[in-house]
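S.K.: Using the hints, position chain B against chain A.
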Amino acid sequence: MAKSPKGATVRTYAVGFGDCFLLSFDYGGGLERHVLIDFGSTGFPAGVPQTRMMEIAQDIKQRTKGKLHAVVATHRHKDHISGFATSKGKGTGDVIASLKPDIVVQPWTEDPDLKPDATGPRSKKKQIARKLGRMGASTPKHIAALTHMHGIAQQMLTARNLPTAFKSELSFLGDTNLANRSAIDNLMTMGKKSSYVHCGSKSGLERVLPGVRVHVLGPPTVDQTDTIKKQRSSDPDQFWQFQAKSIGTDEAITGDEPALFPRAVKARGARIPINARWLRLHSRTMRGEQLLQIVRILDQQMNNTSVILVFQVGKKCLLFPGDAQIENWEYALGQDKYKTLLAGVDLYKVGHHGSRNATPKELWNRFKKRSKTKDPARLRSLMSTMAGKHGHVHSKTEVPRSTLVNALKGETDLLTTQTFGEALFKDTTF
Amino acid sequence: MPNPRKPSHSPPNARTLTAIAQDPSVRTGGKILVTELTIPAEELLPGPCGYRVNVIDYDSSTDTLYEPAVYKALKNGHIEDPFALSAKMKQSNKRPKSYDRKLVEDPRFHAQNVYAIAMRTLAQFEFALGRRVPWGSDGHQLHIAPHAFADANAFYSRDDRAIFFGYFTGASGKRVYTCLSHDVVAHETTHAILDGLRRRYLEPSTPDQAAFHEGFADIVALLSLFSLPDVVGALLDLKTGGSKLIAPKYLEREALQRSVLLGLAEEMGSEVSAVRGQALRRSAALTPGKDYMHMPEYQEEHARGELIVAAMMNAFLEIWLQRLAKIGPVARGMRDRSIVVEEGARVAGHLLTMSIRAIDYCPPTDIWFSDYLSALLTVDREVVPDQGQYNYRQALLKSFADYGIKQARDTDEDGTWRRCNADLRYSRNHFEAMSRDPEEVFRFIWENRRALNVREDTYIEVQSVRPSIRIGPDGFVLHETVAEYIQILTLWTGELKTVLKITPPKEIPGNRRIRIFGGGVLIFNEYGQLKYHIPDRLEKLERERQVERLRCLAESGFFEETAAPRQATGLQSHFANLHRARAMGSGGWHG
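So the sequence lines, in the order shown, correspond to chains A and B. In terms of this note's numbering, the first sequence opens at residue 1 and continues consecutively. In terms of this note's numbering, the second sequence opens at residue 1 and continues consecutively.
Only chain A is shown next, with the shape it has when bound in the complex:
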């Protein structure tokens, strides 16, 4: 096999609102190495058959001729990992597991050794202590906070008594943030090796991809984040623990309890007297806003655990940032070596399906190969998205964000899954 690839192809699958990319590196003589980056969806456009995810899994199997070399799961949101879920040997995740990936790459926040309740033999404990020394002592607390978020998302999904206007966004965001046990377990066990990465760490992909340099730009560790943050007056991780506790155990939010003071109920629902109706309307709206705000912040925090990878193949640079938002990017953007690396990016997988927060201006301005005119060296961009699922135009939070889409159209060769029509995938070749 050649020492380095002659070229690479990125297959972008039409997963509706989600991400699924297959990178195939061509080592000549029919030899290829394949990396699957994410496989998840939270919804398809109308008319797409329910078997779509399986069709994609089968296509991956066919394209890789039954052997995957690596899987990257950028972060644990449903729209990135739902395809890894197994179902008694018949799920899409079973198909992927059957491709026997040599390595599975995930963010450090998925490392089972760093969980607050991590246990093991003494040698393991030493290893854990070393890891914690590297990552920051409060790492387990941060990971616990992420676990709490799933609980909160679950509560949001079951919240009752909400005005209809809030139901769809709350249930969309709540659903995305639910713990996906089956997919997570599968990701943990399907690879011969697991690699849990952070900014500046080795990706673990070097061995399976000879001649390809892979840089990990994110997520930053707790310690790395602390170096760029001003001193905090309180602890955000504690907030999630508190929030999970305070609303997570409160039956009132789920509506399982009839009322806070069952013996002092005056009226309920539409029977509430006239003088209280104005407040009822406003309180209900306010509560909806509050829950939505919590689940939005939670969603962003989960996005910020995304693995950010840059693949350097020959002179080409491919950037896959998952759903990383500014807080994740901030650390890498402050490092000179990455600034240079990012300037030369040839392919940009648009962060977070084109949301306004995931392509920081500072990142965009770094891309040197943006150009208003078409030329072969122009930056290419891949966007996997679906309009009408996430955010609102009036608050400038719609996904994909129109101003970003215009910039992508104007200054890059944009391939978006929204234009795929019937096609299952499209290939981009370098």
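Just so you know, the hints here were simulated from the structure itself, not pulled from any lab data. Owing to the predicted nature of the structure, the values given are computational and were not obtained by experimental measurement. Warning: the hint list may mix true and false statements.
What the hints assert, rightly or not - Distance ranges between label pairs, derived from CB positions:
{"id": "1", "chain 1": "B", "residue 1": "Pro-204", "chain 2": "A", "residue 2": "Pro-163", "range": "25 to 31 angstroms"}
{"id": "2", "chain 1": "B", "residue 1": "Arg-513", "chain 2": "A", "residue 2": "Ser-395", "range": "29 to 35 angstroms"}
{"id": "3", "chain 1": "B", "residue 1": "Asn-76", "chain 2": "A", "residue 2": "Gln-293", "range": "46 to 52 angstroms"}
{"id": "4", "chain 1": "A", "residue 1": "His-392", "chain 2": "B", "residue 2": "Val-477", "range": "51 to 57 angstroms"}
{"id": "5", "chain 1": "A", "residue 1": "Pro-262", "chain 2": "B", "residue 2": "Glu-439", "range": "52 to 58 angstroms"}
To be verified - Calculated cross-link-like contacts (lysine-lysine; reagent style DSS-like; alpha-carbon spacing at most 25 angstroms):
{"id": "6", "chain 1": "A", "residue 1": "Lys-61", "chain 2": "A", "residue 2": "Lys-266"}
{"id": "7", "chain 1": "B", "residue 1": "Lys-72", "chain 2": "A", "residue 2": "Lys-266"}
{"id": "8", "chain 1": "A", "residue 1": "Lys-65", "chain 2": "A", "residue 2": "Lys-193"}
{"id": "9", "chain 1": "A", "residue 1": "Lys-368", "chain 2": "A", "residue 2": "Lys-339"}
{"id": "10", "chain 1": "B", "residue 1": "Lys-506", "chain 2": "A", "residue 2": "Lys-339"}
{"id": "11", "chain 1": "A", "residue 1": "Lys-131", "chain 2": "A", "residue 2": "Lys-202"}
{"id": "12", "chain 1": "A", "residue 1": "Lys-202", "chain 2": "A", "residue 2": "Lys-6"}
{"id": "13", "chain 1": "B", "residue 1": "Lys-174", "chain 2": "A", "residue 2": "Lys-141"}
{"id": "14", "chain 1": "B", "residue 1": "Lys-506", "chain 2": "A", "residue 2": "Lys-361"}
{"id": "15", "chain 1": "B", "residue 1": "Lys-406", "chain 2": "B", "residue 2": "Lys-531"}
{"id": "16", "chain 1": "A", "residue 1": "Lys-374", "chain 2": "A", "residue 2": "Lys-426"}
{"id": "17", "chain 1": "A", "residue 1": "Lys-266", "chain 2": "B", "residue 2": "Lys-88"}
{"id": "18", "chain 1": "A", "residue 1": "Lys-409", "chain 2": "A", "residue 2": "Lys-316"}
{"id": "19", "chain 1": "B", "residue 1": "Lys-244", "chain 2": "B", "residue 2": "Lys-88"}
{"id": "20", "chain 1": "A", "residue 1": "Lys-316", "chain 2": "A", "residue 2": "Lys-266"}
{"id": "21", "chain 1": "B", "residue 1": "Lys-506", "chain 2": "A", "residue 2": "Lys-368"}
{"id": "22", "chain 1": "A", "residue 1": "Lys-337", "chain 2": "A", "residue 2": "Lys-316"}
{"id": "23", "chain 1": "A", "residue 1": "Lys-115", "chain 2": "A", "residue 2": "Lys-131"}
To be verified - Far from chain B by the CB rule (all over 12 angstroms, computed), these chain A residues:
{"id": "24", "residue": "Met-1"}
{"id": "25", "residue": "Tyr-27"}
{"id": "26", "residue": "Gln-58"}
{"id": "27", "residue": "Ser-201"}
Ideal Cβ positions, reconstructed from N, Cα and C, are used throughout, including at glycine.
M.R.: What follows is chain B alone, placed relative to chain A:
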């Protein structure tokens, strides 16, 4: 006029209602510390619903309305307080076992608690300012929902004309009601009142302005707590064991800091700290004498707000100590507990009145902490022109300086606002109309625009004309008038240099439409003559501050196309977000 019923004295003006002194976790002898709050008397509808506050106990998490508190009118014009402890119970400090449980479990008591604290806070403002004080919301009756939703949050929302108090399950598994915390209720009520007095303080501006709303609400909440002798006494007793005589070691500065400030912080229900922040704790813990105002960690609005609270709480201790020094000891340096308590509550009451009155002397837009300090000092100079027996001004100056807060720049040597000595024309104005009519005051400004340095190319609006009535140092009633006007200048970034001689901060991306706020407060004396003209931000001296404001706005992403301005988020409440951000320890999210 003959009274058709029977000749009698006027109905009572004030009444008392039982409330929890701080929160259910502050106890004496294992019992919840309760107090009787003096509030304005009025005829109450079920709720209670009165002329300024309408308590509606609606819970949106369960879509339930709870029974309102209903009051029985007594013949003497008072109402029956269903939660009052009898005189005997008070004296013996014994009460039925079920009493404490009833306070925590009866929603009607919760309604009474929020009503009484909100009305007391409002009455404190009206007392200090000598006039009726509006809420920031439209209308006259503010809604209060004591159990608005299951969430560890409580906030005032201007658009919803309401204060919402959340409830949640604490770490111990017990339910925590934010409406039962005196400081939380007083804090939120203060937001609603300050918003009525200075509407522009919710506009995005420098960290000082964002921090001021929080800091001021904490100051009012804490001083109003310390003005309750029951609370001060209970805190002292924690250290002294309730002795009738207090040894000098308990009355030193550090000891009081530990017993009163930290003592209260520790007694307060710790689970509500996500709602209330850490201001009191830090007031005792921050070492004075550092330039906190310029430290990066105090640029964040919640931490910054704590500085002004720390300054005020330590000034409170200082003045209290000054007063105690003048009271002779009973024996062996011991002081009578009741006098110590009374003096403490009195100082807190005085400072509370000053803190509130100072708002009249604060600029209408873009407040800085230094403005507030100068306003406080000016209020004191007005009341006590010669330093008087207790040196409040010196204590305030020192205490604020300890936390890096200095007086405003354009002030007299003693830090007070300069008196206005401009040559003004009054002949085209009418004395009587000037004390109530915004049109008349506008005419005065327009006639005198050059003398007052008011730019002609701006939008000018007189926002309010209000009477301010107080007792002067000689015992006579002083009737002054406070008028607020704002100026708005809208221009492009590129025009800042030519029009205002401001070099645009480099953080502003490109040529943006920029609104510059200016304006001032005019204080007319009892003859209708202008006594103070409190700063006009568009003046030469204030340029540096405008640049600072623009830089802060630019840094927070205000001028970015992608950063949706607050208005675009519709019903989202400013305070809801602010309080959540405080609990999360972050200053907000990047655009």
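S.K.: Look at each hint and say if it fits the structure.
M.R.: Going through the hints against the structure:
1. Pro-204(B) to Pro-163(A): 25 to 31 angstroms: Since Pro-204(B) and Pro-163(A) have Cβ atoms about 28 angstroms apart, the given range 25 to 31 angstroms holds.
2. Arg-513(B) to Ser-395(A): 29 to 35 angstroms: At roughly 21 angstroms between Cβ atoms, Ser-395(A) and Arg-513(B) fall outside 29 to 35 angstroms, so the hint is violated.
3. Asn-76(B) to Gln-293(A): 46 to 52 angstroms: holds (49 angstroms)
4. His-392(A) to Val-477(B): 51 to 57 angstroms: Distance hint for His-392(A), Val-477(B) holds at roughly 56 angstroms.
5. Pro-262(A) to Glu-439(B): 52 to 58 angstroms: Holds: the Cβ-Cβ distance is about 56 angstroms, inside 52 to 58 angstroms.
6. Lys-61(A) to Lys-266(A): violated (62 angstroms)
7. Lys-72(B) to Lys-266(A): holds (19 angstroms)
8. Lys-65(A) to Lys-193(A): Status holds; Cα separation ~21 angstroms.
9. Lys-368(A) to Lys-339(A): Holds: Lys-368(A) and Lys-339(A) sit about 11 angstroms apart, inside 25 angstroms.
10. Lys-506(B) to Lys-339(A): Between Lys-506(B) and Lys-339(A) the Cα gap is close to 22 angstroms, so the pair holds against 25 angstroms.
11. Lys-131(A) to Lys-202(A): Distance ~14 angstroms between Lys-131(A) and Lys-202(A) Cα, so the pair holds.
12. Lys-202(A) to Lys-6(A): With Cα atoms ~23 angstroms apart, Lys-202(A) and Lys-6(A) stay inside 25 angstroms; holds.
13. Lys-174(B) to Lys-141(A): Holds. Lys-174(B) to Lys-141(A) sits at ~24 angstroms (cutoff 25 angstroms).
14. Lys-506(B) to Lys-361(A): With a Cα-Cα distance of about 16 angstroms, the restraint between Lys-506(B) and Lys-361(A) holds, given a limit of 25 angstroms.
15. Lys-406(B) to Lys-531(B): The hint holds at about 23 angstroms.
16. Lys-374(A) to Lys-426(A): holds (20 angstroms)
17. Lys-266(A) to Lys-88(B): violated (34 angstroms)
18. Lys-409(A) to Lys-316(A): holds (21 angstroms)
19. Lys-244(B) to Lys-88(B): holds (21 angstroms)
20. Lys-316(A) to Lys-266(A): violated (69 angstroms)
21. Lys-506(B) to Lys-368(A): With Cα atoms ~23 angstroms apart, Lys-506(B) and Lys-368(A) stay inside 25 angstroms; holds.
22. Lys-337(A) to Lys-316(A): Within the cut-off at roughly 17 angstroms; holds.
23. Lys-115(A) to Lys-131(A): It holds: about 12 angstroms lies between the C-alpha atoms, which stays within 25 angstroms.
24. Met-1: holds (45 angstroms)
25. Tyr-27: Since the minimum Cβ distance to chain B is about 41 angstroms, Tyr-27(A) lies beyond 12 angstroms and the statement holds.
26. Gln-58: holds (40 angstroms)
27. Ser-201: Non-interface label stands for Ser-201(A): nearest chain B Cβ at 25 angstroms, farther than 12 angstroms.
Against the hints set out earlier in the document, violations occur for numbers 2, 6, 17, 20.
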